[in-house]
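Protein chains: 2
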Amino acid sequence: MGSRGLGRSVNPDIDSERKASSFDVEKLVNFLDGGADRTRIRRAVERIINSDPIFSQENQYFLTRTERYEAAVKGAVHLWRKIKELGWTNDGPEVYFALRTVGRELAFGIHNGVFIPTIIGLGTDAQIAKWVPLAKDYQIIGTYAQTELGHGTNVRGLETTATFDSSSQDFILNSPQVSSIKWWPGDLSRSANHAIVLAQLYTKGVCHGMHAFIVQIRSLVDHSVLPGIKVGDIGPKMAFEQVDNGYLMMQNVHIPRENMLSRHSMVTSDGSYIHQGSDKINYISMVFTRVRMLSFELLPALSKACVIAIRYSVVRRQSELKPGEKEAKILDYQVQQQKLLPLLATVFAFHFMASSLEAFCKQVNSQIQTKGNISSLPELHALSAGLKALLSGTCSAGVETCRRACGGHGYSMFSGLPSLYARAVASCTYEGENTVMFLQTARFLMKCLARVDCGQPLPQSVSYLSEPFSLHCSAKEKTDFLKPLLYAEAYKHRAQRLIKDSGNKLQSLLQSGVEQYVAWNITSVQLARTAIAHCHYVVVKNFVETVEGLQLDPEIQQVINRLCDLYALTGILSDAGDFLYDGYMSGKQMDLVSASQLDLLSLIRKDAVSIVDAFDYPDQQLNSAIGKYDGYAYQCLFEWAQKDPSNTKVNLAYEKYLKPHFQSAQSKL
Amino acid sequence: MGSRGLGRSVNPDIDSERKASSFDVEKLVNFLDGGADRTRIRRAVERIINSDPIFSQENQYFLTRTERYEAAVKGAVHLWRKIKELGWTNDGPEVYFALRTVGRELAFGIHNGVFIPTIIGLGTDAQIAKWVPLAKDYQIIGTYAQTELGHGTNVRGLETTATFDSSSQDFILNSPQVSSIKWWPGDLSRSANHAIVLAQLYTKGVCHGMHAFIVQIRSLVDHSVLPGIKVGDIGPKMAFEQVDNGYLMMQNVHIPRENMLSRHSMVTSDGSYIHQGSDKINYISMVFTRVRMLSFELLPALSKACVIAIRYSVVRRQSELKPGEKEAKILDYQVQQQKLLPLLATVFAFHFMASSLEAFCKQVNSQIQTKGNISSLPELHALSAGLKALLSGTCSAGVETCRRACGGHGYSMFSGLPSLYARAVASCTYEGENTVMFLQTARFLMKCLARVDCGQPLPQSVSYLSEPFSLHCSAKEKTDFLKPLLYAEAYKHRAQRLIKDSGNKLQSLLQSGVEQYVAWNITSVQLARTAIAHCHYVVVKNFVETVEGLQLDPEIQQVINRLCDLYALTGILSDAGDFLYDGYMSGKQMDLVSASQLDLLSLIRKDAVSIVDAFDYPDQQLNSAIGKYDGYAYQCLFEWAQKDPSNTKVNLAYEKYLKPHFQSAQSKL
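Chains as they are written, first to last, in this note's numbering: chain A, 86 to 754; chain F, 86 to 754.
If you are wondering where the hints come from, they were derived from the structure by calculation, not from laboratory data.
All of these numbers come straight from a predicted model, not from anything done at the bench.
Among the hints, erroneous ones may be present.
[To be verified] Simulated crosslink set (PhoX-like; lysine-lysine; CA at most 25 Å straight-line): (1) F:K424 with A:K169; (2) F:K673 with F:K691; (3) A:K741 with F:K167; (4) F:K753 with A:K215; (5) F:K691 with A:K169.
Generate coordinates for the entire structure from the input sequences, incorporating the hints supplied.
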């Protein structure tokens with residue numbers, strides 16, 4: 086965007102790229118935003134945020150963990166005031182864009198994103214009326230304490246107990262042993278005065294499983310920790326320095342009976358346990374969280390990394406490509422294109438996938454809300470689990486590829502890339518560990534396979550399982566691989582084959598007398614691969630169908646078509662073995678895929694800078710010395726380095742350990 | 086090791102693993118150390134180091150960059166004194182083990198590892214006599230200033246100039262523009278008072294290319310920066326917080342003529358340039374640096390990560406494997422075995438490879454020193470470049486796999502894994518960016534291919550290029566894939582095929598009139614893959630040959646044989662496409678590989694803890710809360726978290742931003 090570089094000259098090496106663009110960048114910006122109106126609103130919000138010094142991330146790379154936390158609290162309180170002042174409504178686009186711009190740098194992510202929604206989801210109307218207004222005004226700050234030292238993935242195995250005591254009418258919370266200490270909750274170690282604690286409910290000596298309780302953990306008067314509670318910070322992490330992830334240990338902590346969130350189950354004053362209605366509805370909120378993660382965390386991480394790496398790759402010149410000529414831009418090396426441009430295609434593939442998944446989510450939600458129809462939940466669960474795993478794995482690996490493609494400077498925090506990686510990769514673990522997620526998808530696929538065998542109808546995303554199984558890829562020349570139907574068919578074949586193979590392996594193990602659980606475990610490596618192949622097909626198919634449905638200017642359409650081809654062909658090459666395995670494709674055809682993919686690289690190379698410009702991140706949001714719009718990477722690195730506080734501090738190590746050594750050399754030189 | 090866990094109980098979940106070991110761990114320890122004598126010396130050195138509070142890394146995770154730097158300087162000076170006191174000699178095993186134990190945490194890595202060796206390599210006898218004793222006694226600290234903001238890989242493109250001025254008899258050093266500022270040198274920003282500066286030598290108006298100059302940058306009296314010099318810290322990085330990587334900018338800095346390192350070239354007082362002897366000999370020191378990196382950095386990183394992840398995986402229990410039973414150790418899940426056990430095999434593959442490469446290095450060096458015979462240098466260069474790239478890429482990815490296999494706790498710095506990754510991955514870039522390295526190996530392979538066509542003899546490591554090209558893998562059942570000759574043959578076939586295909590592609594491009602440099606560039610993606618296949622074959626072949634030559638107790642031999650099989654078969658599965666491509670292997674055979682590989686996983690699973698115990702790292706060296714010998718992961722995480730300084734600091738964010746909010750809630754609850 087012109088506006089991004091106003092008032093400063095631009096490095097000619099990047100300027101020439103922009104002049105050579107085959108399309109109007111602004112049109113692609115509008116398309117990605119979902120219309121010119123939204124672009125306008127987004128930019129207005131970004132201007133407000135980025136011109137406010139309180140949100141500035143300028144010297145972030147020099148701050149300690151404590152300083153980062155303090156800035157994050159300050160920022161969160163400031164944004165809350167600002168939103169009130171400006172009259173932005175919670176479901177309006179302004180708040181959405183404001184959070185997208187600074188959200189990850191603010192405190193109270195768990196408070197706003199999990200504590201409040203959990204009360205709304207699991208609380209009675211009275212509980213919502215009591216707690217939510219206080220929470221929304223930051224009069225209380227709450228965390229969500231589920232994960233324990235010894236339990237994450239297996240929620241049912243959590244050990245914290247909440248025992249109803251009818252004499253006091255209280256629940257008594259306990260952390261029975263070290264492994265049951267709550268561990269990781271954000272906003273806990275320094276900010277929160279309340280926690281939603283997930284605990285095994287005991288009443289009348291019977292365990293009723295996991296339930297949620299609101300526990301006050303700190304005094305509202307002086308923020309001191311309440312009796313029976315032990316709370317603290319869990320120590321440094323790979324990233325998220327601004328978040329006060331904490332631990333929480335409880336010994337005989339009493340809370341009133343009404344602090345159990347009781348929309349679906351309650352304990353009466355005589356200690357009877359009553360379960361009412363279905364809690365499957367809550368399940369959808371977990372899915373929404375996963376889907377939001379795709380658009381709010383993973384896509385921004387990968388797209389920012391692409392912006393930084395691609396801009397840097399046209400201003401970095403290294404070695405002669407043609408002997409005797411000026412050193413070449415590193416993006417002109419085929420090996421660099423191969424690293425970066427498929428990731429650009431991946432951004433688009435995942436952008437469209439996240440949109441479709443969100444739409445499906447809303448549709449299922451509305452079926453549930455209006456008709457109480459939960460029949461699509463299993464499919465939605467399987468899709469969102471597998472796609473979360475595929476996208477988080479691919480995005481974090483992609484960010485790291487971008488980082489390494491920037492050589493030494495990618496190792497500097499100033500590039501912005503190390504923190505993008507360290508954050509993105511966290512999402513491979515939270516909201517469901519990826520391998521576990523893939524295996525959940527695989528379980529759904531195996532169930533669907535059984536339905537095929539019985540002739541039962543299939544959910545839409547797996548309906549291809551009952552479609553014909555083609556034996557050979559029909560491509561004869563490299564341009565055949567630019568036909569979306571052709572490569573989508575190849576992905577379909579691979580998924581079909583792997584699903585059937587996994588099913589057969591399970592079947593034959595069971596028939597040979599192996600126990601069900603053993604059969605599953607010794608097939609699980611293959612099952613995980615199977616789920617990946619399924620998700621990969623879903624993404625390719627969705628990309629192809631989206632592209633077909635677009636009505637765009639031909640110049641933009643061409644760019645997106647090429648990215649679709651590139652995404653699909655790169656995937657075939659990466660997993661070539663899967664496509665060659667049963668002779669669906671031949672080695673000769675694989676050569677054609679490769680030739681076609683390399684052709685695409687050189688075509689997309691020409692528009693690479695304009696494509697990343699269209700992601701339209703202001704420099705403040707990238708916070709990268711080497712990815713700025715103006716392309717002056719070295720100047721910026723040098724400027725930022727000079728601000729490093731260690732450059733002005735007294736060098737105590739010299740004073741204490743080196744001075745006498747050095748002074749004795751003076752006479753010898 | 087028993088000694089590692091003395092005085093403390095051991096988690097029964099890890100204890101039972103040790104009791105079930107199929108072999109005597111101590112025997113494997115001795116084998117890996119190269120004899121029981123060396124084990125004894127190593128342990129004695131480790132005890133000295135680890136009992137010294139100055140080398141303690143106990144609270145390292147809480148220190149700021151400046152504190153880390155100060156501790157590193159203190160440690161380096163302390164070690165230097167200790168070595169003198171104990172009378173350890175520089176080439177003895179004690180110093181070697183001491184550096185292996187704490188080396189990466191000490192300051193002056195570049196001073197000791199590059200500054201001094203460069204003077205010895207490039208200096209005249211007089212220069213060596215003048216500078217080296219001062220440097221060895223830390224009376225001067227030097228850095229090695231080669232890389233610039235704008236140039237890393239292409240050393241010839243460096244822009245710093247050293248111009249001889251015959252009137253003053255000085256060289257005048259200049260950094261002509263921002264991109265020529267020296268960037269990254271370690272020990273520079275705070276410690277060094279001298280720098281070896283690599284600069285383009287100009288005399289009588291003629292440029293003679295890159296030469297090395299000793300430049301004083303700070304006063305020996307008060308450590309102030311000298312006139313004309315600008316020096317500072319380059320800012321925070323992904324890791325290496327203890328290293329003061331710096332920038333250096335020079336404007337008309339005069340140094341005396343005798344400060345040009347002049348073993349191979351000199352400038353006379355009238356400004357004449359004289360080049361004498363061959364400087365190829367220096368080349369071998371770069372190779373030595375790369376090879377040392379394999380044993381000193383990459384192997385320790387991967388092996389430590391394996392220790393941590395495997396120990397954690399037998400004390401972490403999550404979900405039921407068999408319904409109704411106790412939660413299972415996560416290492417009992419096939420998907421977890423598939424992540425970790427092949428990495429254990431990789432440690433052994435690379436251990437043997439590093440030893441062989443080191444031996445080859447020494448052999449070439451002795452040919453050079455005794456006979457001036459440099460004929461093996463190109464082969465050594467190609468091997469060390471490609472293997473450096475393969476090993477650094479594989480080790481860093483492997484460390485990250487271990488980290489992620491520890492789920493949420495792998496994200497905590499206390500696991501030790503994030504810093505292992507952040508360090509290991511740096512080696513993918515330094516000492517030669519990996520893709521560039523692979524392409525250098527590929528260039529050598531293409532030259533060798535041309536020799537085959539001319540019937541000329543080939544260096545040993547590529548002699549297989551003239552061996553017969555087998556068309557089909559002969560395996561008929563899964564046990565066939567436990568035959569080393571059979572799988573080594575498969576790797577050979579793949580390398581042969583890729584090398585020939587690349588050669589053919591280059592040839593046909595040239596014949597169709599494409600310019601040489603274009604042909605190379607548009608084949609480079611394939612060439613890089615080819616180099617990987619070659620290196621992979623070299624590693625497998627070396628593993629197979631080493632295993633065949635061993636004379637070990639059968640119980641140890643069996644473990645190592647299995648690891649060799651596992652390494653090779655996992656590689657075939659990962660790159661299945663390469664083996665299926667031309668029908669060398671069939672899909673059916675690939676299934677056999679897979680079946681055989683899964684069998685190996687469950688066999689090695691039983692000895693996994695004993696194998697990592699045999700790496701024999703004291704807990705202090707792992708510095709991991711979840712990888713300790715005693716297996717009490719949760720207890721240790723909890724202990725360490727309580728030491729976090731943020732748990733005792735006043736919470737200013739509460740005082741400043743939250744207090745009034747919270748107090749207003751008091752009346753409402």
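Outcome of the hint check:
A threshold of 25 Å between alpha carbons decides the hint, and for K424 (chain F) with K169 (chain A) the separation of about 50 Å lies outside it, so the pair is violated. Between K673 (chain F) and K691 (chain F) the alpha-carbon distance is near 29 Å, which puts this suggested pair outside the 25 Å criterion. A threshold of 25 Å between alpha carbons decides the hint, and for K741 (chain A) with K167 (chain F) the separation of about 18 Å falls inside it, so the pair holds. Pair hint K753 (chain F) plus K215 (chain A) holds up; C-alpha atoms about 9 Å apart against a cutoff of 25 Å.
Restraint check: the Cα-Cα separation between K691 (chain F) and K169 (chain A) comes to about 61 Å, which exceeds 25 Å; the hinted pair is violated.
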